[in-house]
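Heads up: the protein sequence lines correspond to chains A and B, in order.
Counting from 251, one number per residue, gives the positions in the first sequence under the working numbering.
Counting from 251, one number per residue, gives the positions in the second sequence under the working numbering.
Keep in mind that the hints are not guaranteed to be accurate.
Since the list gives no way to pick one copy over another, a pair counts as held whenever it fits inside one copy or between any two copies.
Stated by the list, open to error - Capping the alpha-carbon separation at 30 angstroms, the derived lysine-lysine pairs in BS3-like fashion look like this:
no., residue 1, residue 2
1, K511, K284
2, K614, K680
3, K288, K253
4, K669, K693
5, K255, K349
6, K693, K288
Note that these hints are calculated values from the structure, not bench results.
All values reported here derive from a predicted model rather than from experimental measurement.
Protein chains: 2
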Amino acid sequence: MEKIKEKIRIALLGCGTVGSSVAKILTAQKDILKARHKVELELAYIVDIDFTRAEALDIDKGLFCSDIEKVLGDDSVEIVVELIGGTAIARDFMERSIKAGKKIVTANKALLAQHGNELLALARAHGVCIAFEASCAGGIPVIRALLDGLIANRIDAIYGIVNGTSNYILTAMTIDSLPYTTALKEAQDAGLAEADPTLDVEGIDSGHKLAIMASLAFGKRIDFKKIPVEGIHTLDICDIEYGKELGYVIKLLAIAQRRDKGICVYVRPAFISMEHPLAWVSGPFNAVSVYGHANGHTMYYGRGAGGDPTASAVISDIYQAATGITSTLFTTLNLWPDEAENAIQLSSKDFKSRYYIRLTLEDKPGVLAQIAEKFGKNNISISSVLQQELHPDSDIHDGVPVIITTHPAMEGSVLTALKEVDKLDATKSKSVCIAILDEHVEKI
Amino acid sequence: MEKIKEKIRIALLGCGTVGSSVAKILTAQKDILKARHKVELELAYIVDIDFTRAEALDIDKGLFCSDIEKVLGDDSVEIVVELIGGTAIARDFMERSIKAGKKIVTANKALLAQHGNELLALARAHGVCIAFEASCAGGIPVIRALLDGLIANRIDAIYGIVNGTSNYILTAMTIDSLPYTTALKEAQDAGLAEADPTLDVEGIDSGHKLAIMASLAFGKRIDFKKIPVEGIHTLDICDIEYGKELGYVIKLLAIAQRRDKGICVYVRPAFISMEHPLAWVSGPFNAVSVYGHANGHTMYYGRGAGGDPTASAVISDIYQAATGITSTLFTTLNLWPDEAENAIQLSSKDFKSRYYIRLTLEDKPGVLAQIAEKFGKNNISISSVLQQELHPDSDIHDGVPVIITTHPAMEGSVLTALKEVDKLDATKSKSVCIAILDEHVEKI
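Chain A on its own, in the form it takes in the complex (with noise of 0.2 angstroms):
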């Protein structure tokens, strides 16, 4: 283990909304974490091609930098804070820090999930180490739970809201009763959503911090492109309003759990009970709950976006990378990906569940006959049946809606049950199928 230096200077690579959000921190901010931590914090570099926002902050010019040449010959800095994003320069620039001999903090969650373990590898043989809380639910100290708090437990599940925009559009759709596209548009304009969406509402950003925390928690490799995603972009107010009066939310949801066989996981939106302790995690926020053998349930919530809260997650990691505690973590720890097996990734599929299901049908005798049929043939035991009047602000003019929640079923049964059920003459409209989640029984 290394000595601890009483100043270490830090470049930052990236000057956005949280690369800002630190300078500040580490700058205007610096008496705050004078008095609370005895090693001091050099900002060294700023490294960006647009300083705007770091002039915005009233800091040394001198420090602004468009060479990260000039960083990787600068023996003097010890850590590479990387909040460029993307996985085209930030993989590069990450890559020839490590080869430089620099530890790393970053909030880079797409880099991670896709090569994380290349990068660790990388890390590890140049005898670095890599500090990511930031990349998960922002503020939220969820990573150091799984990696400290909870060590001493086999995981068996993880439950998260891990998209804060997207949870800002579920709850605009919830409580204010906003079709998607005017939910999406409100997020946009409060700053909460990019003008290109996609990686949130899609359920990709959620699999990235899936990918991630599902790694750690089980010790084994998660491969990211085999995690089915579903986002929330094709949800129908109706269908969120007609769960509602079942008593149900709907989260978007990313799980992993413990099988015998194997991990599922998967991220997908999800119907919970109002009285799921994940149900009232609202707007913004994040959650994360982890289910382990000794400690049973445990719940972080916070922040899972924004300049200042993902800043505190960046900074607490520059203080975890400047005292070795980072190095420690990396080198004690049975968990880390690089030297991590593959883990068995089973769909959900393969598990049965509840569901809710909408049907648009023909309003005529002996219909639902002929939907309770295909039903039973596949075996799937319908809980109860509810026809709805037309939602004023869906997406469906035609038809009746039928809302319908099964008994625990396959997933599979449901599917072919459903396609069926399409294509009967009496449907007006494809059927839409919605999980309906219970909370994860603790096995202590």
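Given the coordinates of chain A, assemble chain B onto it according to the supplied hints.
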């Protein structure tokens, strides 16, 4: 910083509920730990006078030891885990262990709240450290959050439900409408309350935990003896029911808030709205909300007591101590109370709050006017007045309950007004006053 050893020998002092869970995980569940951590934890001694629980675990009896001197004289033992509880023997054994150069892991909140400063100073003088995650909120890694994950934040407030026994009793009173004594009996039968529940139900245990958390959060010495502590043992079921009708739920809250002139720190039962983030924390669960200047609101939720959850925290601390992380935090942070100055501890009486007040009055004309006069005279603005039916399970059997809620008012003024009201001829029973607390406002 020290070199990390491959194998660490541990002595366990006290083999009760938590101790036997720690012993179980270190022996019978050794494989879970091996799969997750490279450092091997070897249980070297179990020190106790009663080995009933240890014997039930099928542990090598060669480890049983009734002489602390044997442990202190064994240089191969690096970590002493103190799970004796109380402040007498535990303190003596801990001091002797520190002087013998052992690192300490403890779950002893009473000892740390009252003598933490001296013990930390002693540890510092002998070049060792004390880890105490398990002292607060059982298995929830909240001490780590304060020392590590949230280190970049000026902490503005902590709101905690940190006593599982009290929360279990309050949940039973709220959900099942049980009077206090019945709910306490139920908790005792479920093994969730001691035969003598004083420490838990009178808020003392919450005060211990609050003293520890607040000292780290604010980097100041908190004097436990100066923390105003109210418990739940005097609560009447009728107030919980009347509060419910007003949309409130009662929780025993441990609160520390940064104020201009100091830190306002206290424990009391209070009403919170059903929408408050702590409202859904039920049964034996605990939760701690922390408000940071950068991170805003983060919350940590889980089981606050019980053998296995607490053992989870103890073992995470053993690993932290074994790998030098505890010592790194102990030497690099400015938050430790042995090195800090005294906090200026303020009373909740100096600040405004809303209040729920129950008066028991003679049912005759003019009484309300007298009450209103006393409130007005003391600058208390009334928000609502509601006359209730006498509650069948209440301790009150004479007069009419009148529920008053106030706008924000100084606690001192409210107490003065109630003293005057209680002296009126029309007052049939002493007034009851419970604060109504809103969620702390994030400053981000």
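Comparing the hints with the structure gives:
1. K511 x K284: Close across copies (20 angstroms), not inside one copy (49 angstroms); limit 30 angstroms.
2. K614 x K680: within (18 angstroms within a copy, 67 angstroms between copies)
3. K288 x K253: Both, since 14 angstroms and 22 angstroms are each at most 30 angstroms.
4. K669 x K693: neither (37 angstroms within a copy, 51 angstroms between copies)
5. K255 x K349: both (21 angstroms within a copy, 28 angstroms between copies)
6. K693 x K288: Result: close only across copies, 25 angstroms inter versus 41 angstroms intra.
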